[in-house]
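This is what each chain is made of:
There are 2 protein chains.
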Amino acid sequence: MNTSQNSFVQYEKDAVYKAIFSRRDVRTKFLEEKIPGSVLARILNAAHHAPSVGFSQPWDFILISDMKIRERIKHSFIEEFQKSVKMLESDQERQRKYTSLKLEGILESSLNICITYDPNKFGPFVLGRTSISETGVYSVCCAIQNLWLAARAEGLGMGWVSIISNCKIREILEIPDYVSPVAYLCLGYVSEFENTPDLERSGWLRRLNLENVVCYEKWRVHQSEQWSDLKDEIARTDFNNKGK
Amino acid sequence: MNTSQNSFVQYEKDAVYKAIFSRRDVRTKFLEEKIPGSVLARILNAAHHAPSVGFSQPWDFILISDMKIRERIKHSFIEEFQKSVKMLESDQERQRKYTSLKLEGILESSLNICITYDPNKFGPFVLGRTSISETGVYSVCCAIQNLWLAARAEGLGMGWVSIISNCKIREILEIPDYVSPVAYLCLGYVSEFENTPDLERSGWLRRLNLENVVCYEKWRVHQSEQWSDLKDEIARTDFNNKGK
Chain A
9 MNTSQNSFVQ
19 YEKDAVYKAI
29 FSRRDVRTKF
39 LEEKIPGSVL
49 ARILNAAHHA
59 PSVGFSQPWD
69 FILISDMKIR
79 ERIKHSFIEE
89 FQKSVKMLES
99 DQERQRKYTS
109 LKLEGILESS
119 LNICITYDPN
129 KFGPFVLGRT
139 SISETGVYSV
149 CCAIQNLWLA
159 ARAEGLGMGW
169 VSIISNCKIR
179 EILEIPDYVS
189 PVAYLCLGYV
199 SEFENTPDLE
209 RSGWLRRLNL
219 ENVVCYEKWR
229 VHQSEQWSDL
239 KDEIARTDFN
249 NKGK
Chain B
9 MNTSQNSFVQ
19 YEKDAVYKAI
29 FSRRDVRTKF
39 LEEKIPGSVL
49 ARILNAAHHA
59 PSVGFSQPWD
69 FILISDMKIR
79 ERIKHSFIEE
89 FQKSVKMLES
99 DQERQRKYTS
109 LKLEGILESS
119 LNICITYDPN
129 KFGPFVLGRT
139 SISETGVYSV
149 CCAIQNLWLA
159 ARAEGLGMGW
169 VSIISNCKIR
179 EILEIPDYVS
189 PVAYLCLGYV
199 SEFENTPDLE
209 RSGWLRRLNL
219 ENVVCYEKWR
229 VHQSEQWSDL
239 KDEIARTDFN
249 NKGK
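Residue numbers (our numbering), protein chains in the order written: chain A, 9 to 252; chain B, 9 to 252.
Keep in mind that the hints were calculated from the coordinates and are not lab data.
The structure presented is a predicted model; accordingly, all values stated were derived computationally and were not measured.
Be aware that a few hints might be false.
Pairs involving identical chains hold if they fit within one copy or between any two copies, as the list cannot separate such chains.
Distance condition first, Cα-Cα at most 20 Å in a straight line; then the derived EDC-like pairs of lysine to aspartate or glutamate [to be verified]: (1) 26 to 202; (2) 37 to 237; (3) 91 to 101.
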């Protein structure tokens with residue numbers, strides 16, 4: 009029995025899983041409704057309470073509502089998208105499917121947020137970052153996921169635009185060279201959340217079975233007698249995932 | 009008004025924020041109690057439902073209970089820790105504080121999990137990864153944060169061990185060169201969760217004010233008349249954070 013303080017009762021666990029499973033990468037169905045300051049402060053505070061290596065909190069959140077800035081960002085998306093379409097020239101069917109997808113909501117969403125990584129914050133000695141320097145930017149990604157889940161709970165759709173030039177983002181948002189843009193996000197209330205990811209629904213890719221991503225004691229070892237109880241549970245989970 | 013399906017009622021929102029704010033990076037107070045397979049399957053499934061660039065699901069979760077493997081990992085921690093202590097030789101006070109901290113729970117925790125990034129999964133053309141290749145590993149970090157929050161809701165403490173050699177992890181867990189170890193995690197039931205992060209409580213670093221990490225339209229622009237409503241909300245949030 010877990011006897012810790014602050015334990016979660018069943019409905020609280022259910023709510024956490026609901027946020028995790030119903031979170032979507034949103035690019036369509038944004039509404040015009042503005043995000044109230046109180047909601048925005050709550051989700052930013054959630055992001056700011058992410059784990060960070062050595063408690064370095066290396067993130068900055070740039071909120072962008074200015075349409076002139078967003079139009080410049082959109083221009084970078086269009087340029088990068090055109091480059092990516094060319095990469096599929098040898099596969100016409102995939103290229104057709106790819107170009108039919110909506111991949112960003114820069115102008116339609118209520119708000120854009122660029123999240124950056126500053127390796128110099130509280131440096132140069134950052135506790136826990138001495139052997140693996142990438143753990144700094146990994147902390148920023150944890151903050152992004154906190155933001156995403158808090159946004160979902162608040163009824164806000166969020167989409168990550170990654171077909172974009174970081175060089176252009178730096179120039180447009182006046183980010184110095186030593187700081188890395190990590191994510192460019194579009195947020196807003198939406199008319200509905202889809203039940204499954206866009207790329208699964210459109211047949212771009214399928215969700216892998218959980219059993220194929222869980223390994224026992226060594227990388228890509230999927231067979232183990234010692235772990236047979238867990239393997240049964242995972243088989244049940246995969247069965248339930250299919251039913252969703 | 010947000011009219012989306014699957015909206016969250018107040019107690020569900022509260023539960024999501026509770027998980028986010030009460031999650032800790034845990035290195036002490038692990039109990040011997042084993043993690044049931046059903047709980048483990050649920051939290052791994054939560055991790056597997058993270059967002060991923062182009063739905064590439066580039067993660068693998070290596071579960072490690074074998075104590076011989078864990079002892080080899082612990083040995084790598086000790087080596088890397090000794091190197092890091094040397095880096096603080098010019099600052100004796102900080103060095104003393106640093107060496108007094110408990111920074112891992114490799115042997116005491118119930119389970120270790122290594123999470124890896126495989127850039128070849130569903131490649132070479134991964135939708136959305138054509139301009140910024142790092143988005144692949146960023147997806148793995150989102151999975152880590154999902155795992156962390158689900159674990160917290162289940163009453164499981166989790167700690168990220170980053171003072172470790174990825175080269176040694178590759179060797180010990182037989183991970184091929186093209187795959188990157190991203191995180192080495194220790195999980196288990198704990199006697200209690202601390203109210204504040206260890207590094208804040210011990211006076212290593214303080215939490216930044218939210219107002220200092222939120223920028224308006226451009227990087228590190230903290231003043232803006234246009235955003236005065238939000239700035240007021242953030243000031244209120246910072247006041248509440250101090251009271252915690």
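Hints and how they fare:
1. With identical chains, the CA atoms of residue 26 and residue 202 are at most 20 Å apart within one copy only, with a shortest distance of 13 Å there and 25 Å across copies.
2. Taking CA atoms no more than 20 Å apart as the test, residue 37 paired with residue 237 passes in neither setting, with 43 Å inside one copy and 26 Å between copies.
3. In this assembly of identical chains, residue 91 and residue 101 lie within 20 Å of each other by CA distance solely inside one copy; the values are 17 Å within and 53 Å between copies.
Taken one by one, the earlier hints fail for this structure only at number 2.
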